[in-house]
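Residue numbers (the working numbering), protein chains in the order written: chain A, 232 to 573; chain B, 232 to 573; chain C, 232 to 573.
Don't read these hints as lab results, they were simulated from the structure.
It should be emphasised that the depicted structure is a prediction, and the values quoted were computed from it without experimental measurement.
Glycine included, C-beta positions come from ideal geometry on N, C-alpha and C.
Watch out, some of these pointers could steer you wrong.
[What the hints assert, rightly or not] Going by beta-carbon spacing under 10 Å, a handful of chain C positions derived as facing chain A:
{"#": "1", "residue": "P306"}
{"#": "2", "residue": "N307"}
{"#": "3", "residue": "R309"}
{"#": "4", "residue": "G368"}
{"#": "5", "residue": "I400"}
{"#": "6", "residue": "R492"}
{"#": "7", "residue": "L547"}
{"#": "8", "residue": "P552"}
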Amino acid sequence: MGRHLREIAEILGGKVIGDDRVLITGIDSLEKASQGEISFFLDKRYKDLAKTTKASALLVSEPVDFYGGPQVVVPNPRLAYARAAGIFAPPLPRFPGVSDDARVDESSIIGKDASIYPMVYVGKEAVIGDNVTLFPGTFIGDRVRIGFGTVIYPNVTVLRDCIIGNEVIIHPGCVIGSDGFGFVRDGVENVKIPQLGIVQIDDRVEIGANTTIDRAALGKTLVRKGVKTDNLIQIAHNVEIGENTVIVALTGISGSTRIGRDVVIGGQVGIGDHLKVGDRAMIGSASGVHKSLAEDEVVSGNPTMPHRHWLKTRGLINRLPQLNDRLRSLEERVKKMEKMLK
Amino acid sequence: MGRHLREIAEILGGKVIGDDRVLITGIDSLEKASQGEISFFLDKRYKDLAKTTKASALLVSEPVDFYGGPQVVVPNPRLAYARAAGIFAPPLPRFPGVSDDARVDESSIIGKDASIYPMVYVGKEAVIGDNVTLFPGTFIGDRVRIGFGTVIYPNVTVLRDCIIGNEVIIHPGCVIGSDGFGFVRDGVENVKIPQLGIVQIDDRVEIGANTTIDRAALGKTLVRKGVKTDNLIQIAHNVEIGENTVIVALTGISGSTRIGRDVVIGGQVGIGDHLKVGDRAMIGSASGVHKSLAEDEVVSGNPTMPHRHWLKTRGLINRLPQLNDRLRSLEERVKKMEKMLK
Amino acid sequence: MGRHLREIAEILGGKVIGDDRVLITGIDSLEKASQGEISFFLDKRYKDLAKTTKASALLVSEPVDFYGGPQVVVPNPRLAYARAAGIFAPPLPRFPGVSDDARVDESSIIGKDASIYPMVYVGKEAVIGDNVTLFPGTFIGDRVRIGFGTVIYPNVTVLRDCIIGNEVIIHPGCVIGSDGFGFVRDGVENVKIPQLGIVQIDDRVEIGANTTIDRAALGKTLVRKGVKTDNLIQIAHNVEIGENTVIVALTGISGSTRIGRDVVIGGQVGIGDHLKVGDRAMIGSASGVHKSLAEDEVVSGNPTMPHRHWLKTRGLINRLPQLNDRLRSLEERVKKMEKMLK
Chain A
232 MGRHLREIAE ILGGKVIGDD RVLITGIDSL EKASQGEISF FLDKRYKDLA
282 KTTKASALLV SEPVDFYGGP QVVVPNPRLA YARAAGIFAP PLPRFPGVSD
332 DARVDESSII GKDASIYPMV YVGKEAVIGD NVTLFPGTFI GDRVRIGFGT
382 VIYPNVTVLR DCIIGNEVII HPGCVIGSDG FGFVRDGVEN VKIPQLGIVQ
432 IDDRVEIGAN TTIDRAALGK TLVRKGVKTD NLIQIAHNVE IGENTVIVAL
482 TGISGSTRIG RDVVIGGQVG IGDHLKVGDR AMIGSASGVH KSLAEDEVVS
532 GNPTMPHRHW LKTRGLINRL PQLNDRLRSL EERVKKMEKM LK
Chain B
232 MGRHLREIAE ILGGKVIGDD RVLITGIDSL EKASQGEISF FLDKRYKDLA
282 KTTKASALLV SEPVDFYGGP QVVVPNPRLA YARAAGIFAP PLPRFPGVSD
332 DARVDESSII GKDASIYPMV YVGKEAVIGD NVTLFPGTFI GDRVRIGFGT
382 VIYPNVTVLR DCIIGNEVII HPGCVIGSDG FGFVRDGVEN VKIPQLGIVQ
432 IDDRVEIGAN TTIDRAALGK TLVRKGVKTD NLIQIAHNVE IGENTVIVAL
482 TGISGSTRIG RDVVIGGQVG IGDHLKVGDR AMIGSASGVH KSLAEDEVVS
532 GNPTMPHRHW LKTRGLINRL PQLNDRLRSL EERVKKMEKM LK
Chain C
232 MGRHLREIAE ILGGKVIGDD RVLITGIDSL EKASQGEISF FLDKRYKDLA
282 KTTKASALLV SEPVDFYGGP QVVVPNPRLA YARAAGIFAP PLPRFPGVSD
332 DARVDESSII GKDASIYPMV YVGKEAVIGD NVTLFPGTFI GDRVRIGFGT
382 VIYPNVTVLR DCIIGNEVII HPGCVIGSDG FGFVRDGVEN VKIPQLGIVQ
432 IDDRVEIGAN TTIDRAALGK TLVRKGVKTD NLIQIAHNVE IGENTVIVAL
482 TGISGSTRIG RDVVIGGQVG IGDHLKVGDR AMIGSASGVH KSLAEDEVVS
532 GNPTMPHRHW LKTRGLINRL PQLNDRLRSL EERVKKMEKM LK
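Modelling step: build the complete structure from the supplied sequences, incorporating the hints.
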């Protein structure tokens with residue numbers, strides 16, 4: 232099941248230096264690659280590992296002299312690694328057709344070559360696109376629409392009327408379209424505000440495991456194309472996330488906040504409600520965002536501040552006891568002088 | 232499927248100014264409402280939107296002169312909006328009766344008009360109340376008792392012996408009654424403390440998606456009536472949460488802590504174990520609660536402090552580098568003066 | 232179904248003072264124990280409760296004179312409590328054999344006395360050990376291997392090729408083996424790095440509800456034996472966690488970080504990527520770990536600092552407004568003196 236190095240180089244758009252007929256059967260790190268595998272040299276810090284690797288070929292950005300085997304020179308070795316990994320990734324296991332042990336309402340439309348595993352539930356008038364894969368335990372609510380090539384892993388819940396685009400990946404345990412958290416206080420009790428909107432997830436989005444995305448109160452919660460979220464993220468009702476934005480684990484985004492495109496949000500970040508985060512902003516992990524951010528802002532901390540400022544500040548938090556001591560010493564010295572001057 | 236405005240006004244206890252015969256078919260925001268829909272004017276900042284809205288009627292707290300259509304004057308427009316949304320909310324989709332594709336132990340008792348979807352599992356000697364809805368993928372353990380009108384969404388797990396009240400809503404992916412996190416160190420290993428208690432959830436509680444509530448070590452973890460939790464919340468063993476308390480996403484409450492009634496807890500808050508939070512306390516998002524809070528306390532920060540104090544403090548965290556510079560400058564000036572005075 | 236006190240004492244390796252023929256039918260706290268139950272006196276603060284308890288016997292570390300009933304003297308009453316609770320814990324409910332309503336691929340191997348509930352899915356060439364219990368809604372991917380005596384609670388997803396050891400407990404809703412969060416920026420889009428590795432969970436690990444553990448990019452994400460995690464934890468790709476380490480709820484560990492053995496990690500902690508945390512380190516709740524920690528370090532705060540230092544520091548964060556006032560007052564006094572000295 233291997234591929235000749237030449238073939239791999241062609242796929243990656245790279246140039247082989249050395250023997251391009253080597254048969255490659257897998258990919259691994261410099262440290263763990265064994266004979267027959269290809270590896271990649273991405274970072275000069277790992278030069279020593281590259282010297283001693285058992286890999287039978289190396290992806291490099293420019294030829295290196297400390298490795299004896301054939302090298303594939305590529306403009307972006309990290310990207311080439313991603314693509315090479317794709318060559319050796321096991322194919323997605325797909326159930327052939329619609330399982331008799333799935334419960335698909337007859338009013339729903341199932342696309343060509345859809346793979347619907349046992350123990351899937353599909354409600355009324357749903358539309359499942361061509362080549363979609365629904366793993367066991369997924370629940371697809373009434374009137375949900377799913378585009379072509381989308382993969383929904385086990386135990387995912389997609390509630391009524393939500394729209395999921397093409398080639399989306401939803402990892403296990405996610406909840407799409409749960410009610411937004413909206414209540415009005417009526418004297419003693421919290422009265423639920425019925426959440427009438429939907430969640431719309433656009434093409435090529437990937438949602439990490441056990442993430443929750445609430446439906447809008449009215450209108451839609453919108454995750455635009457190419458967004459990638461990590462695991463255990465909370466996206467509240469009416470949030471909008473711009474194209475290709477990336478969000479790391481355990482982050483929460485409060486209601487009606489609009490995140491721009493190409494934004495990078497670290498892990499365990501909290502973002503307040505009704506804010507706007509500009510395109511290409513970067514938010515460091517564990518930040519608390521209480522006000523809107525402009526385009527290209529790079530912030531950290533709680534409250535957020537420019538990241539460089541945060542680097543200085545966090546060092547000083549650490550030194551608060553010393554600051555306090557210095558202040559106390561100054562107070563004494565000033566007092567002494569004041570006495571002298573009287 | 233619409234309703235005449237007069238009818239809506241009656242349901243909301245409001246008074247119509249203008250033509251009360253208009254047919255209303257839905258509800259939406261000022262910006263997005265189209266003809267035939269009702270909207271609501273809650274906040275003066277949205278006056279411009281109210282002027283140009285296409286809505287065919289408006290919920291208002293007092294008559295406004297900048298909107299031409301009929302107005303429904305109500306004492307609390309937000310509450311009226313919640314109720315009006317209820318009028319237009321799609322009904323809960325319910326499976327008619329108990330599906331043949333559910334696995335319900337014959338020793339369990341199923342109430343009148345219960346809706347049990349395919350792929351539900353109900354263990355031994357469980358009691359499912361009248362009019363309960365159990366969506367696909369829910370697991371109901373042995374001897375669990377569920378009151379009337381409760382809705383349990385897909386892929387929820389309720390483990391043995393837990394008690395769930397009337398008209399409770401449990402959103403998808405929740406885990407109720409997992410073992411509390413209790414271990415004793417025995418030399419090298421962590422010995423599990425068997426968790427013998429239960430979780431009890433009282434009437435009209437709503438639990439957000441993928442939230443986890445652990446069973447008590449002994450006794451019960453107790454969520455009192457009217458509590459509303461957002462998504463991805465952790466409630467540890469033996470915690471008690473008072474009536475109508477509201478908890479925002481990604482918050483964790485440690486073991487044996489007792490939260491009062493009508494408390495508001497922001498997102499990503501951490502509350503230590505064995506603490507007491509008084510009635511009506513408010514805890515800002517991302518706070519770290521390390522000591523008990525009195526009734527009506529309003530706190531923020533980590534460690535928590537009075538919220539007003541926090542607003543001042545967090546501005547100063549930001550300015551720590553300047554504080555440090557000012558301190559250094561003072562030190563130099565004092566040194567200089569000390570020299571002069573010698 | 233009770234046990235005589237003598238029997239219990241034997242199991243716990245304790246010595247009875249008083250009547251060892253008492254029949255014990257359960258265990259509860261000092262406050263809630265009723266006649267026929269045993270309780271435990273672990274903490275001197277609860278002396279008053281011990282005086283008035285209705286428990287019919289008491290576990291103590293040394294004989295006490297304020298309790299009238301029989302006492303079982305044990306070296307470690309907390310450990311004894313854990314074991315006594317085990318005596319009275321209800322047995323795990325097990326489905327007899329493999330349910331006809333489970334979908335187990337015929338290429339998979341199922342061990343002796345395995346209990347496979349309805350609505351379980353087991354893929355191709357999986358190996359399920361002796362005496363394993365798989366609850367409804369669990370998904371076991373192709374080629375997954377599970378050791379003997381392991382319990383997997385409802386709605387857990389274990390994806391392809393992962394390895395789970397003996398006597399592991401995985402609580403409901405967990406996701407094991409979701410793709411690690413790895414993307415390369417290719418001009419405009421984020422290109423997915425296929426995640427080719429696995430997750431390996433060793434013997435006697437316990438994973439809390441709704442926790443997510445990502446598969447390695449290459450190689451494996453490794454959770455070593457005896458590790459205990461609480462609920463809603465994120466463990467990223469290629470992380471390694473040492474033996475008997477304990478992790479509290481809502482904590483996230485970033486990619487490739489290596490945690491030592493016997494480490495204690497509090498709740499809502501964030502640990503950066505590619506770090507090393509030494510054996511026996513302790514990390515306070517809500518800490519932000521940005522650099523590696525040595526063995527036995529005890530840290531807290533964000534950024535982390537020695538825990539003692541943090542206790543001083545966090546008091547000062549609170550007092551920043553006063554510090555600022557003191558600084559301003561000093562500035563004025565210094566200015567005044569400078570004028571005088573001119």
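Violated constraints from the hint list, given by number and in increasing order: 1, 2, 3, 5, 6 and 8
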